[in-house]
Amino acid sequence: MLKRVFVLALVLSLGACASVPMSSDAEDSADKRFEPPAAGRSALYIYRETIFGVAAEKGRASVTAGRRVIAN
Amino acid sequence: MKTEGARAVADAGGIFWGVWWGLIGLASTQGLVFSAWKDADAALAGAGKALASPDIVDSTLELLEPTVRPTDHTPPARRGVYAFRTFEIAEAAWPEFSALSTGAWKTFEPGYDARIFGLFRYLAVPPPRRRLLLFTNYPSMAVWEKSRLRQLHRGGDDSAPAAKANLSARLDVSDWSRVVIGVPA
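Here the protein sequences line up with chains Z and D, keeping their order. Quick note, my numbering runs 75 ahead of the 1-based positions in the first sequence. Quick note, my numbering runs 10 ahead of the 1-based positions in the second sequence.
Think of the hints as simulated: they come from the structure by calculation, not from any bench. Incorrect hints may have been included.
[Unchecked claim] These stretches of chain D come out as covered by chain Z in the derived footprint (C-beta under 8 Å, 3 or more residues):
{"id": "1", "stretch": "36-47"}
{"id": "2", "stretch": "51-63"}
{"id": "3", "stretch": "98-109"}
{"id": "4", "stretch": "112-120"}
{"id": "5", "stretch": "177-189"}
[Claimed, not checked] One-sided excerpt, in silico: chain D residues whose CB lies under 8 Å from chain Z:
{"id": "6", "residue": "I66"}
{"id": "7", "residue": "V67"}
{"id": "8", "residue": "L143"}
Owing to the predicted nature of the structure, the values given are computational and were not obtained by experimental measurement. Yeah, the Cβ is synthetic: ideal placement off N, Cα and C, and Gly gets one too.
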């Protein structure tokens, strides 16, 4: 028998298989352009700290303004 | 990672066997990294160096001991797909499991142009249990599918008839198995 110890590592990578065609600079800028909301409305950005989206799926996360839940 | 990880492992005294991304059984952000070391202490000290990449955010290591294969530490270089199949058996079933495996490989490998690169034991699972990793290369997913037991049993494939009885009997002495299919990165 071969006297070696092998290591099999299961790894989690943020960059795995992420080879996709990239937009041009002009398209990138256009996509990121912020259009102010109409009068009487506001825009809300949600920033997800974890890379696992499950916890933020509908029904598992709440959005609060102060102590008031405004979305589930 | 293939180049930097391999260099880091070599610098630490190990042998880099490769990186595989999941085709079946892993998330799109998961992969498998294989390396070989002279002993468990060297493995624990050095294996992390293969993973010293800013792209890798988490890892889980399994220490494995060769059984009947590999007989040398040459890294696998064949193209195609690689099956990482884990079996769990009773320790008492190991002699039969081993004999059935090596017997089947005689016709399985030429019948499907497959290569068994390793049948490893998980060091973390001691007797009376035995957990094994069977590491096999196939030319393609089509060949892997063709070689499945159900295809053999249906009589739809006769590439390795002598392997049929052995692999079926091996399944009978196994408590469970699961497979991950990877492609070389």
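Tested hints:
Counting residues of the stretch 36-47 of chain D whose CB lies closer than 8 Å to any CB of chain Z gives 12, so the stated coverage by that chain holds, three being the minimum. Counting residues of the stretch 51-63 of chain D whose C-beta lies closer than 8 Å to any C-beta of chain Z gives 6; at least three are required, and the coverage claim holds. Judged by the Cβ-Cβ criterion of 8 Å, the stretch 98-109 of chain D is not covered by chain Z as claimed, because only 0 of its residues qualify and three are needed. Requiring three or more residues with a Cβ within less than 8 Å of a Cβ of chain Z, the coverage given for the stretch 112-120 of chain D is violated, as only 0 such residues are present.
Only when three residues or more bring their CB closer than 8 Å to a CB of chain Z does the claim for the stretch 177-189 of chain D stand; here the count is 0, and the claim is violated. Satisfaction of the interface hint for I66 (chain D) is found here, the shortest Cβ-Cβ separation to chain Z being roughly 5 Å, below the 8 Å cut-off. At about 5 Å, the closest approach between the beta carbon of V67 (chain D) and any beta carbon in chain Z falls short of 8 Å, and the interface hint on this residue holds. Interface hint at L143 (chain D): satisfied, since its Cβ lies 7 Å from the closest Cβ of chain Z, which is below the 8 Å cut-off.
The structure is inconsistent with the numbered hints 3, 4, 5, although it conforms to all the rest.
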